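Guided by the hints, dock chain B onto chain A, whose structure is given.
Quick mapping for you: the protein sequence lines, in order, are chains A and B. Residue numbers are given in numbering that gives the first Met the number 0: position 349 of the first sequence equals residue 348, and the series is strictly consecutive. Residue numbers are given in numbering that gives the first Met the number 0: position 375 of the second sequence equals residue 374, and the series is strictly consecutive.
Simulated from the structure, these hints should not be mistaken for lab results. Wrong hints could be hidden among the right ones.
[To be verified] For the chain A half of the interface with chain B, some residues (derived, Cβ under 8 Å), not all of them: (1) SER18; (2) ARG20; (3) SER308; (4) ALA312; (5) SER314; (6) GLU321; (7) VAL330; (8) GLY381; (9) TRP400; (10) THR401; (11) ARG402; (12) TYR406.
On a predicted model such as this, the values are computed, not experimentally measured, just so you know. Positions of the beta carbon are idealized from the N, C-alpha and C atoms, including for glycine.
There are 2 protein chains.
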Amino acid sequence: MTGSGSSVFSPGEPRVTGSDRHLLCRLLDSLGKPPVRVALWSGEVVCDSPDAVATVRIRDRRTLWGLLVNPNLVFGDAYAAGRIEVDGDLLTCLEAIFEVMPLQTDSAWYTRLIHRVAHHRANTLTGSRANIHQHYYIGNDFYRLWLDDELAYTCAYYTSPDETLENAQLEKMRHVCRKLQLKPGERVVEAGCGWGALARYMARHYGVKVRAYNISEQQIRYARERAKAEGLEDSVEYIEDDYRNITGHYDAFVSIGMLEHVGSENYQTLGRVVDGCLTRNGRGLIHSVGRSRPEPMGDWIENRIFPGSYVPALSEMLQVVEPWGFSVLDVENLRLHYALTLLHWLERFDAARDQISGMYDDRFIRAWRLYLAGCSASFATGWLQLFQVLFAHPRNNNLPWTRAHLYMT
Amino acid sequence: MTGSGSSVFSPGEPRVTGSDRHLLCRLLDSLGKPPVRVALWSGEVVCDSPDAVATVRIRDRRTLWGLLVNPNLVFGDAYAAGRIEVDGDLLTCLEAIFEVMPLQTDSAWYTRLIHRVAHHRANTLTGSRANIHQHYYIGNDFYRLWLDDELAYTCAYYTSPDETLENAQLEKMRHVCRKLQLKPGERVVEAGCGWGALARYMARHYGVKVRAYNISEQQIRYARERAKAEGLEDSVEYIEDDYRNITGHYDAFVSIGMLEHVGSENYQTLGRVVDGCLTRNGRGLIHSVGRSRPEPMGDWIENRIFPGSYVPALSEMLQVVEPWGFSVLDVENLRLHYALTLLHWLERFDAARDQISGMYDDRFIRAWRLYLAGCSASFATGWLQLFQVLFAHPRNNNLPWTRAHLYMT
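Chain A on its own, in the form it takes in the complex (with noise of 0.2 Å):
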């Protein structure tokens, strides 16, 4: 049970006792015993595995109690501060962990509790603005250090695996724009358009008008001022308004990496708004991070990065459209895309470490890794899913025959 003890004692922390190895061992016993060994605080390693991958590091005794209680959210807190370490590749480690976890989150009775009594952030129309601020605040500058050129931090469509992320992105916006069948001169909205890429792409490829939507004013503000230094302002109207606030009638809408920010109790309301904007024509694409089946949020995510996120089963998604009687056409699933996307952001990001250091603190930056490192084992270990759902009006007849025009190079 007990490994090679080492003399790495962290000053100031109780000796290990008996009842701390015996609750990690249970800890790991939960996790599905993952090939990883754990060192605490006396840099004693307990259940070691033969075939470990990397070692995580417990600094103190209230770290190890608080991983027991509420492992999510204490793991990534402990690890931002640096009251746990990783040995070894971090993203790696986690895909170790996730690769072996039961996906069927079967938590305890006091981890359900303590999730229900967390802070839930409210999408109401001030609180979804609150939530979008805590998360895009951080600025443009930030962003622009390990995203693409068109800033677009929603996952890529890789038409093979080795093709680099900025392509991937280009290649993400045309799949999008064939899925939905754009014609020059036709009207699209967009419902939460980040730094405005899609709307300027569709703008520029395929002759068509769009209102883009966003409520982050930076965003807003970036996308302008490069839709205009494009040529492109008689063509793309960027609003700073909610997606409640959509006015107008358009031939498609689209939202790419909004659904996730809207919040389960707000789909009908969505799909009410996107009823009320279609044509009988029209067609809807819906681009969400998802699961293989409801299940409440990661508090760390939830708290520390996206507060307000909710993230569906597919399930659970055709509440935006089945209410309103849209016919889904094509759902694709493209989970292993965002693994590779959230690499390539990791990797940008780790490349861009001296710039970031100057601009924030460690435990920004180690937060910030977790979240980048944790997202894409999860989407490589099936604990999130990437669905592109698309839609339209149950009678539109005008649709292509097949989705081989998708794949026509």
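Below, chain B without anything else, positioned relative to chain A:
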């Protein structure tokens, strides 16, 4: 409101009254004022439409009043009995009606009540056998007259709309096999195999071993004979049993057009069977008629054509896969392909009319034509959908990188 009267008076029927006319107009209003002419038993045309595509003749007052209580069941029964007739093309007439009918069935309370108390045939192990017997007892000779050579009695896949039915059924099987990524030597289980065409195709073209289940004794007998004649008896095993009794472990699970007979109350049971029989790298495909939102069955189809059947919305289909944590990889809607398949069946049915007349009475033939034309019109006008749902274990990463392989020639 009233058109030109004619002298075609049904003998014995009472004179048409103002109430009759009023009720008919109300009925047509509730149907969205379809562009059809309706003539009553006197020959009098009520609510004539300038762009009428056909004339519907209602032969007696009982039928008219019955239509108000349960339009779906009474139309079907009365058409089969010749108490309703259509002058003009039946399919064109039904498409014109379905095209304008409000898609949200907001039926009257008494209609919903009648639907609830209508005899629903439970899909217990013996109930399913009786239900399936009722539709398929008709016999192989009948189906051979108007299905393709392989006797595929499910939606075909047309790579282009001018493809023949024979080819499109082969293309459907190829499309399914490509989605499932079958490899030589793999084991496949099929739930609800009909006359066994897909099982033979998989064994012949993909070198897999297939166990195919079906509770129709006639179909199983035909399938076995044909596999033997084609030298496939070593690779295909047809089992006369219920999907609930599937045993063994398989690399792929496939079910084409069985889910409609399963009943939503058994979706979790079906999911448990799939979960129990698929290996860790296993893939599954379920192909089923669907709807754009959850909705009760039409009484006529449910009671006269497919007892015990239920057509699910996509969110309901997902109840087969989500509780077991399967990851949905791909959903494709082939609605227009089924409209075309059914049109081809109807054309062949009509071409074989003389032979069928020698086997069945006029009521049977009229009911069957209404079923084929009605379903084709339903798919063409968005009342019905056809979903192919591909799924896999959430940790199966042995997946094609994109769907381009489905479209290589």
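To see whether the hints hold, each was checked on the structure:
{"no.": "1", "hint": "SER18", "result": "violated (34 Å)"}
{"no.": "2", "hint": "ARG20", "result": "violated (30 Å)"}
{"no.": "3", "hint": "SER308", "result": "violated (20 Å)"}
{"no.": "4", "hint": "ALA312", "result": "holds (6 Å)"}
{"no.": "5", "hint": "SER314", "result": "holds (4 Å)"}
{"no.": "6", "hint": "GLU321", "result": "holds (4 Å)"}
{"no.": "7", "hint": "VAL330", "result": "holds (4 Å)"}
{"no.": "8", "hint": "GLY381", "result": "holds (3 Å)"}
{"no.": "9", "hint": "TRP400", "result": "holds (6 Å)"}
{"no.": "10", "hint": "THR401", "result": "holds (6 Å)"}
{"no.": "11", "hint": "ARG402", "result": "holds (7 Å)"}
{"no.": "12", "hint": "TYR406", "result": "holds (4 Å)"}
Checked against the numbered hints given earlier, this structure breaks hints 1, 2, 3; the rest are met.
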